[in-house]
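*Asks:* The chain contents come next:
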Amino acid sequence: MPLVLERRQERSAAIAVISPLLAIALTFATMAVVFAAIGKNPLYALYVYFVEPLTDGYTLSELVVKATPLVMIGVGLALCYIANVWNIGAEGQFTIGAVAGSWIAVATNGTNAGHWVLPAMLAAGTVAGALYAMIPAICKVRFGASEILTSLMLVYVADFFMDYLVRGPWRDPHGMNFPTTADFDPVATVPTLFDGSRVHAGSIAALIVVMLAAVILGRTIKGFEIRLVGAAPRAARFAGFNANQLVVFTFAISGALAGLAGIIEVAGPIGHLQPGISPGYGFTAIIVAFLGRLNPVGVLIAGLFLALTFIGGESAQIALKVPLDLTKVIQGILLFYVLACDSLIVYRVRFIAPQPRAATGSA
Amino acid sequence: MIVEAIILSVIAASTPLLIAAAGELIVERSGVLNLGVEGMMIMGAACGFAGAYFSGSTIAGALCGIAAGTAMAFVFAALTLGLAVNQVATGLALTILGVGLSGLIGAAYVGQGITPAPHLYIPLLTDLPLIGRILFGQDAFVYVSAALIGGIWWFLYRTRAGLILRAVGDNHASAHALGYPVLRIRLCAVLFGGACAGLAGAYLPLAYTPFFIPGMTAGRGWIALALVVFSSWRPIRLVGGAYLFGAVSILQLHAQALGLGIPSQLMSSLPYLATVIVLVLISRTRATAGSAAPASLGMVFVPDR
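As given, the protein sequences belong to chains W and A, one line each in that order.
All residue numbers for the first sequence refer to the working numbering, where the first residue is 39 and numbers rise by one.
All residue numbers for the second sequence refer to the working numbering, where the first residue is 5 and numbers rise by one.
There may be inaccurate statements among the hints.
Claimed, not checked - Stretch by stretch, here's where chain W covers chain A in the computed footprint (C-beta under 8 Å, at least three residues):
# : stretch
1 : 75 to 87
2 : 94 to 105
3 : 228 to 238
4 : 271 to 280
For the record, the hints were derived by calculation from the structure and aren't laboratory data.
Just so it is clear, CB atoms sit at the ideal spot from N, CA and C, and this is done for glycine as well.
Please build the complete structure, drawing on both the sequences and the hints.
*Replies:* Rendered as structure tokens:
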């Protein structure tokens, strides 16, 4: 083979910084080819997707709204993936968090309840997300069941559960038979920050989450434990760290963040519980975590970028008449390039000249 | 006859699971964990339907499905084998890409119809009571799935190549030291797995329901992955697992039709809950009996020179 991988002496710091940018550039190039293939002007299409949303105040605020759940979930997933724990069911934890918080909103709807409602909802969503995430974690540490498969299966279960609630017991009696709860009361709604935009207090919460995670990961024993268990499990065992406890811990944290993001989403921009509360935030957050190099501050930037693909996708649907699924294609291609470029941090690709036949032939 | 109808529908529901899981079993036996089965399947479904729609032939559709699955698997192989990228993350990327791309390709075909795959008919044999239609009246996919399992069993346990494949999966360093081309063997295994997943996906719009809906695989690729664990990486046990899951998904449909007062959503989530429960049970017994997983499963291999 003329192309071989060779392990570097040490991780390349330069490529660690360049790699996400390179991945984004390669994604742009690939998408230009795709747009040309389906008969759209590539430059204009890229402009609609990635530049136009940044030129308008309304779409900029929508960017923040969409980035909020992505960043919150992405930070939790990054903690998991650093520790080599594979929670891929954040979408389900998001849904369960939304359901648990909505339960309080539905129960108090129209009862003149006080200002305790919203904090209670947020707490319920966070706790429910954490508990739901601990199911695969406990199946993993107690029974050795693959957390990848169990956490994903629970996404479908959570979806059906919410579907049952909004079509059955929680359906708005005045909702013309639509599968949705009644609109939440003002005391059960996350306040917006500015008049005329949907940017809400949850975005500040996401920033706090990023800062806390950065401090925990970089400055505390727990953060050291997470990094060590992921990078050198044997050494971590000798250091006395319990890998099983860490599986439960990282799952609980990421589930809590996903659940919190879920209840903030329904109590904020959406305002009621209904099917389709998430355009796949839980799965896109996986890409956010990797694009952000599993670093909380990186996740913040990556979350904004992937939010851009959602907003750009919506405007491209109108301006270019392309299907919404194109956004998922962009996200998938981006993840491929991120992973491929990350490989270059640890390995270097070398060309080996094919050896002359006489040298390798049996003499 | 109700019993015959139920058995026929169980076979139909089990076949895609069995084909996809059979391919993944070979992939995992070679030491590679490809979590992108769902993505390869849904691409097989979209491309398979497109192929059958244009050609009017089930075989052409199935071939398109196989080609799509193989192409997706090649992307996976290029990253995980060529660039030594983490297999879990790449498999997830493959699924995300497959779901998006299939929606893009399949959008034009939603609501279109095709002639479903023909069923075998042998005079007299197919007319036999009870067993006639079950044994001699299926579509080609069902017979292919049976041949696939038999072939895989024979390959793994009765051929030299199968032994080498298992050796590569159990200890890639030793296999490499013995001079076997680890990465090339894994490439073949991954491509075979992609072809199977593509065929399994194509089965859904070509035979199971003769139309295409976006996301019609509905997690079957993930269930196929769980089945491989359930089977302890053995082809014969895979058949039992696939039919068990086919039966659960049919059971919930029949129970919904009877209207027992159980919420339909609870019944619909049964196959997914069953997967979790089965994984827990099977992993628990294995914790005492030692793991059956290929020892190098999911590990990156970079040949030194």
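*Asks:* Evaluate each hint against the coordinates.
*Replies:* Now the hints, each set against the structure:
no. : hint       : in the structure
1   : 75 to 87   : holds (count 4)
2   : 94 to 105  : holds (count 10)
3   : 228 to 238 : holds (count 3)
4   : 271 to 280 : holds (count 6)
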